[in-house]
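Peer 1: Given next are the chains, with one letter for each unit.
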Amino acid sequence: MTQEEPPTAKLRLVLLTAFGGLLALVLVAGIGALRVLRELHAEEEHVRETMLAGGQSLTTLCTSLDVYRDRIQRMILYPERSGDAARDLAQVDTAIDSLLKTFPQIQEPEEKELVDTMERLFAEQRAMLRSILTWSPDERRRKGPRMLVEEMLPGGERIQQTYERVTVYNSRQVGAYEHELLARFEALQGSLGRLLLVSLGAGLVLSLASGFYVLKLERQGRRRYAELAGSRSELERLSARLVDAQETERRTISRELHDEVGQLLGAALVDIGRLSAMVPENNAAAREYLGKIKSTTEKTVGMVRDIALLLRPSMLDDLGLVAALEWQGREVSRRGEMEVEVEAGNVSDQLPDEHKICVYRLVQEALNNAARHAGARNARVKVEQKDGGIEIEVRDDGHGFDLERARGLGILGMEERVRRLGGWLSIESQPGKGSVVRARLPLGAAA
Amino acid sequence: MNPVRVLLADDHKLMRAGLRLVLEQQPEFTVVGEADDGRQAVAMAKELTPDVVVMDVAMPNLNGIEASRQITAHGAGARIVMLSMHSDEGYVLRALKAGAQAYLLKDSAEADLVAAIRAVVEGKSFFSPAVSRVLLEDYVRKLRRSGAEDSYDLLTPREREILQLVAEGKSSKEAANVLNLSVYTVDTHRANIMEKLGLKGMPELILYAVRKGIIA
Numbered sequence: 000m001t002q003e004e005p006p007t008a009k010l011r012l013v014l015l016t017a018f019g020g021l022l023a024l025v026l027v028a029g030i031g032a033l034r035v036l037r038e039l040h041a042e043e044e045h046v047r048e049t050m051l052a053g054g055q056s057l058t059t060l061c062t063s064l065d066v067y068r069d070r071i072q073r074m075i076l077y078p079e080r081s082g083d084a085a086r087d088l089a090q091v092d093t094a095i096d097s098l099l100k101t102f103p104q105i106q107e108p109e110e111k112e113l114v115d116t117m118e119r120l121f122a123e124q125r126a127m128l129r130s131i132l133t134w135s136p137d138e139r140r141r142k143g144p145r146m147l148v149e150e151m152l153p154g155g156e157r158i159q160q161t162y163e164r165v166t167v168y169n170s171r172q173v174g175a176y177e178h179e180l181l182a183r184f185e186a187l188q189g190s191l192g193r194l195l196l197v198s199l200g201a202g203l204v205l206s207l208a209s210g211f212y213v214l215k216l217e218r219q220g221r222r223r224y225a226e227l228a229g230s231r232s233e234l235e236r237l238s239a240r241l242v243d244a245q246e247t248e249r250r251t252i253s254r255e256l257h258d259e260v261g262q263l264l265g266a267a268l269v270d271i272g273r274l275s276a277m278v279p280e281n282n283a284a285a286r287e288y289l290g291k292i293k294s295t296t297e298k299t300v301g302m303v304r305d306i307a308l309l310l311r312p313s314m315l316d317d318l319g320l321v322a323a324l325e326w327q328g329r330e331v332s333r334r335g336e337m338e339v340e341v342e343a344g345n346v347s348d349q350l351p352d353e354h355k356i357c358v359y360r361l362v363q364e365a366l367n368n369a370a371r372h373a374g375a376r377n378a379r380v381k382v383e384q385k386d387g388g389i390e391i392e393v394r395d396d397g398h399g400f401d402l403e404r405a406r407g408l409g410i411l412g413m414e415e416r417v418r419r420l421g422g423w424l425s426i427e428s429q430p431g432k433g434s435v436v437r438a439r440l441p442l443g444a445a446a
Numbered sequence: 000m001n002p003v004r005v006l007l008a009d010d011h012k013l014m015r016a017g018l019r020l021v022l023e024q025q026p027e028f029t030v031v032g033e034a035d036d037g038r039q040a041v042a043m044a045k046e047l048t049p050d051v052v053v054m055d056v057a058m059p060n061l062n063g064i065e066a067s068r069q070i071t072a073h074g075a076g077a078r079i080v081m082l083s084m085h086s087d088e089g090y091v092l093r094a095l096k097a098g099a100q101a102y103l104l105k106d107s108a109e110a111d112l113v114a115a116i117r118a119v120v121e122g123k124s125f126f127s128p129a130v131s132r133v134l135l136e137d138y139v140r141k142l143r144r145s146g147a148e149d150s151y152d153l154l155t156p157r158e159r160e161i162l163q164l165v166a167e168g169k170s171s172k173e174a175a176n177v178l179n180l181s182v183y184t185v186d187t188h189r190a191n192i193m194e195k196l197g198l199k200g201m202p203e204l205i206l207y208a209v210r211k212g213i214i215a
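Sequence order for the protein chains is X and D. Residue 169 in numbering that gives the first Met the number 0 sits at position 170 of the first sequence, with consecutive numbering throughout. Residue 36 in numbering that gives the first Met the number 0 sits at position 37 of the second sequence, with consecutive numbering throughout.
Just so you know, these hints were derived from the structure itself, not from any lab. Bear in mind that the values here come from a model prediction, so they are computed numbers and not experimental data. Honestly, I wouldn't trust all of these hints.
[Said to hold, decoys possible] In silico lysine-lysine, DSSO-like type, Cα no more than 30 Å apart, as pairs: (1) D:K172 <-> X:K298; (2) X:K381 <-> D:K123; (3) D:K45 <-> X:K381; (4) X:K385 <-> D:K96; (5) D:K12 <-> X:K293; (6) X:K385 <-> D:K141; (7) X:K381 <-> D:K172; (8) X:K381 <-> D:K169; (9) D:K123 <-> D:K141; (10) D:K211 <-> D:K141; (11) D:K199 <-> D:K96; (12) D:K172 <-> D:K195; (13) D:K211 <-> X:K298; (14) D:K45 <-> D:K141.
Could you build the full structure based on these sequences and the hints that come with them?
Peer 2: Written as C-alpha cells, this is what we have:
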C-alpha cells in the first residue's frame, strides 16, 4: 500500500476548490455586469451632452435669427420706435455672434451645413440691416414696404425652412441616440449573457470534476476499507492459528514431559527403591545419600508434573470441564494463595474441546490475575450453561487494577480466545473494589 | 488357594514392568495381562476376566475412569485398583463412581500395591495415605471458610460405627450381624447418616470416610 494523504483532507480540498471557484465566478460576473452598467451610464451622459446639446444650440441659433429678422421688420414697420429695435438688434447680434463662435468644433456634415446656412442668412440680414440704417426716414417710408415684401418675407421663409430642418435633424438625432443606447444595452445583455454562460460552463465543469474526484476518493476509501477488513480478518485468522498452535505445542510438550521425562524419573525412583533394599542397615552414610537422591528425584517428579499440568490440564481429558474447574479452584486454595469457590453445576461434559480449553484457560488467567496482581483473598468462579451458550463469571475481592494500564498479554490472550469462538469478554475493575471478569461463549450447534 | 489374577493397564511400559515385578515377588498374585490403553484394558478385562484390574487414570484413547466404568458395567466382578498422580477429590470421587475400590498415588504405588489388592479382594477399600491427608486438608479448609460445623459431630456413636462398617465395604446385612441389630435398623441408620452428612450415594460416603480417616 502506498503512502497517501488521508481521503478526508483531499475531499476537503476538492470541495473548497469547487465552491471557492463557483463563488469566484459569480463574483467576477457580478463585477463585470456592474462595470458595464456604469459604462452605459457614462456613455448615455456623454451622448446626451454631445448630441442633444448640439441640437439645442441649433434651435436657439435659429430662433435668435428669427428674432433678429423680426426686429429688422419692426424697424421698417414702425420707424418711430426704431431706437428700441436697434438696441434689441445689437443685443441679439452679439448673442448670435457668440453662439456661432462657441459652436462645438466637431460637427456632423449635416449639422455643419445647417450652421453654414444660418451663418449665411445671418450675414444677409446684417447686410440688410446695415443698408436700412443708412436710410433716411424718407427713404425708409419709400423703400421699406418694397424691401419688406421682396427681401424680409423670403428671408423669414428661409429661416422658417431652416428651423424645420433643424427640428427634423434634432428628432433624428434623438432617434439615433435612442438607437445607440439600445445597441449599448444589447451589447451589455450579450456580454452579461456570455459571462453567465461562461460561469455556468465553468461551474458545470468544476462540479463535474469535483464530483468525479469525490467518487474516485470514495472508491479509494471503499477499496482501502476492504483492504483493511481483509488484513484484519487475516490477522484474526493468524492469531487464531497462533492460539491453536500454542495449544498444540503445549499439549505436545506436556505429553513429552509426562510420558518421557516422567517415566524415566519414575524408573529411577523404582531403582532407588530397590537399591535401598540392598544397602545394609549399618551403612548409614550410603542410606543417607540414597535418601537425598530419592527426595531430589521426587521433587523433580513433582515439578515436572506441575509443569506438564500447567501446559495441558489433563483433568480436562480425565474429568471433564466442571471437575477440572473445581480441581483448579482447590489447587489455588491448596497453594494458599487465596480461597476459591467454584460453582459449575449444569455444564455439559460434551462440550467441544476448544470451548473446554477456552473456559479453563480463561478461569485460570482470571484467578492468576486476582491472586498475583490484585492480591485477592477470595474468589468466586461461576460457570453456567444457558440460552445456548456458556457464561463465565470470576469475581474477586482484590484491590482491583487500572484496566487501561494493566491491559497485559494475559487479558489480550483471554479476549483472543473468547473472540475466536464468537463470544465476548468484559472486565470490570476499579482500584479498591475488586474485579469481575465476565464472558459468554455461544455454543451454536456444538453442544 | 488359587492365585489372584491381575490385569495391569498403564500406557507406561516402565511403570507396568515395575508393578509386575512387585506382584511376581508375591506367590499369591499372578499377572494375566498388560494393556497399553483404556480400550485394550476393557477388551482384555472381558476376555481374561481377571480378579483385579490395576488401572492408570491417564491413558490414551480411553481414560482409566471411563474404562473402569465400562468394566464395572460389564459385571464380570473385577475389582479395580486406580492409579493416579492426583490426590484431588475430583479424581477420587470420579474413580469411586466409576467402580474403583482402591485409589493409589503413583508415587507410592509399588509400596501400597500389595496391600491395596489384598484389601479389594476382601471387599474392602484402600487409599494411599497421602490421598487421605490431602482430602482431609481440603475438607478442613472448606469447613473453615464456610464457617460450618463438622457434620461428623452430628453423628451418634452408633451411626459412626455403621458409617465405618459400610465404608469398609460391608453390606447392611453384614453390618447388622456385626452389631447384633436388625437389617431394617441398620438401613434406617444409613439413611440418617447420608442425610446428616449431605451425601449422595456410596462413592461420596467412601470419600467422606477416607477424608475423615475412618478407613484407609
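Peer 1: Determine which of the earlier numbered hints do not hold for this structure and return their numbers in increasing order.
Peer 2: 1, 2, 3, 7, 8 and 14
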